[in-house]
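Each chain, written out:
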Amino acid sequence: MGAGTPPLPGPPKPQAKALNCPKCGAAVVLRSFGQAETVVCASCHCILDAKDPNLAILQQFEAITRDIKPLIPLGTRGRLRGTDYEVIGFQRRSTKVDGITYYWHEYVLFNPYKGIRYLSEYNGHWNDISICKQLPMDQGGAANYLGESYKHFQTCDAGTDFVLGEFPWQVRVGERAAVTDYVHPPRILSSEKLDKEVTWSIGEYMYGREVWECFKLPGSPPEPMGVFANQPSPVTINVSGIWAAFAAFAVFLLVLMAGFDMRAKKEPVLQETYQYNRTDAKSEASFVTDVFELGGGTSTVEVKTSSPVDNHWIYLNYALINQDTGQAWDFGREVSYYHGYDSDGSWSEGKRTDTVVIPSVPQGHYYLRIEPEADPSLPAIPYSVSVTRDVPVFGIYGIAFAALLLPALVISWRAYTFERSRWSESDHPPMELSSISTSSGDDE
Amino acid sequence: MFRKFYMLYGFLVLGTAAFGQYRGWSLDTVNQLKNVPKSVRDNPGSYRSVYSGYHHYTGGK
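From first to last, the protein sequence lines are chains E and R. All the letters of the first sequence, read from the start, carry residue numbers 1 to 444 under this note's numbering. All the letters of the second sequence, read from the start, carry residue numbers 1001 to 1061 under this note's numbering.
Because the hints were derived from the structure by calculation, they are not lab data. Just so you know, these numbers come straight off a predicted model, no measurement behind them. All the given hints hold, so there is nothing to weed out.
With a Cα cut of at most 16 Å, we get these calculated EDC-like pairs of lysine to aspartate or glutamate:
1. E:69 x E:161
2. R:1038 x E:324
3. E:304 x R:1028
4. R:1034 x E:324
5. E:96 x E:175
6. R:1038 x E:290
Put together the whole structure using the sequences plus the hints.
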């Protein structure tokens, strides 16, 4: 385009049309360029025919609550999904379930080129709503729209309590419509039946802060209360995917366990049997074993103690001492076994063997210092000590398994409780649901 | 996002388990000491175990 070329004529700049209410004379602003069917006088609450040049009065209603004020004032402009919109209408709607009245608000947004769309707000939860481009398929308890399946959430009777601004339909206060909602978070599919006319709309969940950013509203949005029908789960993951990953890790863990078990030498380096005599214990009870060699690098060392105790105990103070370096591992082990019979039947506790695994013992020449103690009523008791190097520690796998399981459980629990809260507000209480907890949150 | 984190975490857990097994880690508690005199071998009574004097359970229901 040359510098001297006159600019092409663009679309007309949007301008509001000002009229006066035929009832009270207050100014009535029309912002939707003839797209509105009705306009409401904010002063006297007359619903006027926007198509009539004289603004014929269609209905006058008494505002039950004069404090009802839209969170987004009429005339506010904002950029929603890349398109500029102006708020031209506002209505409060309600439904009564089990004697409790629930209120929500709907905002009519207008763009001269894109037309009308809506925002709804309930307890701080927002939805960006537009009229469906295709007719959804009702599948009995579910609906399908553009290839996506929506679960039935609730059916209720919704009434219009309060209106303000312009509406692209013949709005009336007191009008009641049968509303059915289907959800597939973060979307909600709604059918609204008024007389014989059914209107389908599709909504997508929005956070209050997103709405506030779109319309550059001052302050902060109201905090959302509870969980809304199509609110996306904060556990934005596929729970079954996590369990699949957990199963894969558990298999890896089994392979690891089998591999290390096969690799472990389990080499016996000492096997001795001793006798504890109480009379000898009056002198020095401690003694040392022969020196044995731990080869093959740093590894675990298992010390196993066995004694045929019977309603008695024997306790051994052990020290595994490296003859060359003076490094020692000091530990005490008890072998005790008790049993009997009482009013509850027979009982037993303890074991006649005890096993301890000493961690990360370097190779070298070692001996055991053993200092036995025993039940004073025992005159003498034999016990055997065996030392084995390089044994697998299965407890490590147990901890690893628990460490893998815990996040999966936490995520599943969070997803379950979130879905439970969601569906507790529906026509399908949580007890009837089994599959829903795993199906939501799949939208990553 | 969380799935990636969980995958990373899972490999970390498996890696730690494998490393622990390789290095000979154990779940049992033992007291490690250094510079135990060589004389203990000839005179075991000169060594004092930190566990001596442990109050023993006398058992029974």
